[in-house]
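Asks: Given these sequences and hints, build the entire structure.
If you count by the UniProt record's numbering, then the sequence shown holds residues 1 to 126, one letter each, in order.
Hints are computed from structural coordinates only; laboratory data are not their basis.
Where hints are given, some of them may not hold.
Now the in silico label distances, taken between C-beta atoms and shown as ranges [as the list claims (entries may be wrong)]:
1) Arg52 to Thr85: 46 to 54 Å
2) Ala50 to Ala101: 37 to 45 Å
3) Ala94 to Ala115: 40 to 48 Å
4) Lys54 to Ile89: 21 to 29 Å
5) Leu98 to Ala35: 22 to 30 Å
6) Glu114 to Ala74: 35 to 43 Å
7) Thr43 to Thr4: 34 to 42 Å
8) Glu114 to Glu88: 37 to 45 Å
9) Ile29 to Leu106: 13 to 21 Å
Glycine included, every Cβ here is placed at the ideal spot set by N, Cα and C.
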Amino acid sequence: MEDTFKAITLWLASGTEAAAALIIGLASIEGTIRALVLFVPGTGRPGDSADRRKEDVRLKLGRWLAVALEFELAADILRTAVSPTWTEIGQLAAIAVLRTALNYFLQGEIDKAEARRAAPAPLPAP
Numbered sequence: 001m002e003d004t005f006k007a008i009t010l011w012l013a014s015g016t017e018a019a020a021a022l023i024i025g026l027a028s029i030e031g032t033i034r035a036l037v038l039f040v041p042g043t044g045r046p047g048d049s050a051d052r053r054k055e056d057v058r059l060k061l062g063r064w065l066a067v068a069l070e071f072e073l074a075a076d077i078l079r080t081a082v083s084p085t086w087t088e089i090g091q092l093a094a095i096a097v098l099r100t101a102l103n104y105f106l107q108g109e110i111d112k113a114e115a116r117r118a119a120p121a122p123l124p125a126p
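Replies: The structure is reproduced here in structure tokens:
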């Protein structure tokens with residue numbers, strides 16, 4: 001019974017990591033396409049600056065990376081549930097701390113960028 005539980009949990013962890021990899025892969029493809037479109041003149045919305053369009057690409061990619069990091073963290077939690085040794089638990093904890101820190105700083109960057117976008121545009125100098 002215990003071996004079955006461990007096998008199922010490890011299978012779920014692997015599936016969760018595969019989902020994260022798929023999200024990262026698809027987000028990278030979308031980000032690459034959107035970034036390449038920036039080089040095509042006349043493809044942006046009227047009134048959008050090139051910097052704003054670049055920031056749009058960064059924000060969208062950043063949001064998807066944050067989602068993928070959450071999936072990776074979920075896989076780490078699943079693996080921790082079936083880790084038999086303190087060494088493995090320590091390694092998983094270190095990885096989880098790094099992923100959590102990455103997600104924290106990534107989310108901070110996303111929040112700052114969204115705040116900049118929400119701020120009213122400065123009026124042109126007379």
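Asks: Please flag the earlier hints that this structure goes against, numbers listed from lowest up.
Replies: 2, 3, 4, 6, 7
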